[in-house]
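Engineer: Between the sequences and the hints, there should be enough to build the whole structure, so can you do that?
Residues -19 to -1, 1 to 705 (mature numbering (1 follows the signal peptide of the UniProt record, and there is no 0)) make up the sequence shown, in order.
Hint data in this document are derived by calculation from the structure and do not stem from the laboratory. Check each hint, because a few of them may be wrong.
Listed below are the simulated DSSO-like cross-link pairs for lysine-lysine, each with C-alpha atoms no more than 30 Å apart in a straight line [to be verified]:
hint : residue 1 : residue 2
1    : Lys548    : Lys528
2    : Lys247    : Lys605
3    : Lys581    : Lys605
Pairwise CB distance ranges (calculated) [unchecked claim]:
hint : residue 1 : residue 2 : range
4    : Asp643    : Gln510    : 45 to 55 Å
5    : Ala587    : Ser(-1)   : 46 to 56 Å
6    : Gly305    : Gln381    : 15 to 25 Å
7    : Gln15     : Ala587    : 45 to 55 Å
8    : Ser(-1)   : Gly157    : 14 to 24 Å
9    : Asp444    : Asp303    : 32 to 42 Å
10   : Asp367    : Gln510    : 51 to 61 Å
11   : Pro472    : Asn692    : 25 to 35 Å
Using N, Cα and C, we set each Cβ at its ideal position, and we do this for glycine too.
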Amino acid sequence: MNQLLLMMSLLLITAMAQSAEYVGDQACSSCHPQQLERWRNSHHAQAMALPTPETVLGDFENAEFDYFGQISRFFRDGDRYLVETDGADGQRQRFEVAYTFGVYPLQQYLLALPNGRYQAFSIAWDSRTLEEGGQRWYHLNPDEPVRAGDPLHWTGPYLNWNSRCAHCHSTAVEKGYDPEHDRYDTRWALINVSCESCHGPASTHLQWAQQPVAERGADSGLLPWPSQTGTELAPCAGCHSRRGLLAEDQAAGRDFYDHYQLRLPKAPLYHPDGQIRDEVFVYGSFLQSELHRRGVRCADCHDPHSLQLRDEGNRLCSRCHDAGHFDSSRHHHHQDGPGAQCVDCHMPATTYMGVDARRDHSFRVPRPTKADSSRVPDLCQDCHADRPAGWSNKILTGWQQGTAEASRSAPHYGEILSDGDPVELQQLAVDPDQAAIVRATAFSLQADDLDAVGLTLASEALDDSEPLVRQGAVQVLSGIPLPQRVRLLLPLLDDPLRSIRLLVFEALLELPENGLPPALRSRLQRVEQEYVDSLWLNADTPEGRLKLGGYYRSRGDGAQAETHYRKALEMNSQLLTGLINLADLYRQQDRDEDAQLLLKQAIALAPQEAGPHYALGLLRVRQKAYLEAAGHLQRAAQLEPQHWRYGYTQALALDAGGRTADAEARLEQLWARFPQALPILEALLEFARRQGHRQRTLEYAEQLLQRQPDNQALRRWVESLRAQ
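Structural biologist: So, in structure tokens, the structure goes:
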């Protein structure tokens, strides 16, 4: 009932926002001068601007920058700011700066290209002080040359402002992409992140404010402060998260999960224990934290108008935490300086875009014990890089003697996520004391090892009140057999949140439309329209085209699927998933030679990625080149040993190629490491039965029966084996 009331209030808020109009920040000045003044100097206010002497920070006095022999020149022509550099064709051209983009610690410049495109130039201005190493031009990819045609070139898809940046640097953006002609008509209500980005369009509020106080109603015409709707982080989360855009409604009072699909904290975007790795911003790490679970909000530490921290250094943390205990060498074991700062141990920073250090917001206790074994960072070595591996673990163990941390018996959730033990993941997924995003991730990581217990737990989680837990459950259940999938997931076609509905529809794409009852077909078609709309909204990105290809393939339209896969590869010729998916389409169409060429191309592009090796191995199995297939599958297993299915498939290929003893030995290795992976046990059982080894057959059959006690046919067979 509470969730229904919340959704009704959000719908009312959204309708109110849609009926009002945007009026601009100056209209706020007469009543809110202090808030407006704090905002004017903020990163939000300077998120994007027209180029003027006041807004342009970079050196445009005929400055030059040499990037692996490619000279770019920055200069002015009257009031115009210009860049002379290599264009999409590799030829030197002049481009006018259309807008400044950002302010600190770097400022980029948007250059106009044909068909309404704006691109963020990859040579940026380091706006830090000289003492900090700034006041210089630098390239975002300094280690190796990025030339025209590369997807990371400044004219490529990943520096396109319309698709990658616009929604979070301006207010009420409408992308306006025309896929038929591949052009944009992008518009916004206000050029920067204005007051109305968070408070909603203010025309109705102005009318309310102009009335005599006695005649004003309770509804001020603005979106209520999020704490009143239970969505405290919604105004911030839409931009300060790694997420997929599902719909373009930018009303700040919206429910996040009705407009975005949050990326869960797992590889490759995060380290295996959930620490930030790629450019994931803040929301995904903050949702993991104990602070979030206890009700801490962004505005508790950051002024919502200036965006500045509410205090400096450890004094900020001491607003809530006892300084006498925590801001003391007895706690942090360091002398005054960097090591004594709370953030250095509990919010380690990762530097993005060359100069932009951003802190992990999961607020963890340092645990270097897992750094060596689980491919996770040891933050102590950020400062003590000269120390050997394992050094910090010994130091912390000594410090923690007699503390609550030392007596902690249960592993930290990060250790469970990184280890990937199926039983521990199951326990973590249903632990009510864990954050919803942690539980969701624990569910999603069980996809390769979902046993009967995991299936039951995930099925029950489909009714969880937390959207993220439902998301994780849907994701792990998307890989079970279609009849089970249909039975479990169909009810969620009516989930109140779009992100869940679309995940469910995607999981049911294999469901044939013919023969469905009219009521069910109607429900599917309604969600299908939402799904297709979200795909076309992102059709200007390689990833969006890839999903469109998958959709049309599921509908039996191979020609359209190929068109979209090829469009994705036209945008990014190095897109491995595009090469693999197109190759799989060709396999389905009996075009094995074309498929093989694509997969070899993928391996040449990324020899250290397991996916292309696995796909080529499967293709060679289909072609009955079993031993060659086993080589590719072995390589996939070497690159990603945590995925048992690679080694399992390798063993089957070895057996088909006549090397049964090697296959059996490989399966025994895998079974010792992955005792929850029943297909491995079933294969060992079949090998023993086929070779006439009664005792081994009985041993494997008894192990399988322990895991499938309700399998009556198996029970009868075991009894017959015992009787022999």
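Engineer: Decide, hint by hint, whether the structure agrees.
Structural biologist: Hints and how they fare:
1. Lys548 x Lys528: holds, 11 Å
2. Lys247 x Lys605: At roughly 36 Å apart (the allowed maximum being 30 Å), Lys605 and Lys247 break the hint.
3. Lys581 x Lys605: holds, 18 Å
4. Asp643 x Gln510: 45 to 55 Å: Once the Cβ atoms are compared, 52 Å apart, the range 45 to 55 Å for Gln510 and Asp643 holds.
5. Ala587 x Ser(-1): 46 to 56 Å: holds, 50 Å
6. Gly305 x Gln381: 15 to 25 Å: holds, 20 Å
7. Gln15 x Ala587: 45 to 55 Å: holds, 53 Å
8. Ser(-1) x Gly157: 14 to 24 Å: Once the Cβ atoms are compared, 22 Å apart, the range 14 to 24 Å for Gly157 and Ser(-1) holds.
9. Asp444 x Asp303: 32 to 42 Å: holds, 40 Å
10. Asp367 x Gln510: 51 to 61 Å: holds, 59 Å
11. Pro472 x Asn692: 25 to 35 Å: Between Pro472 and Asn692, where Cβ atoms are some 28 Å apart, the hint holds.
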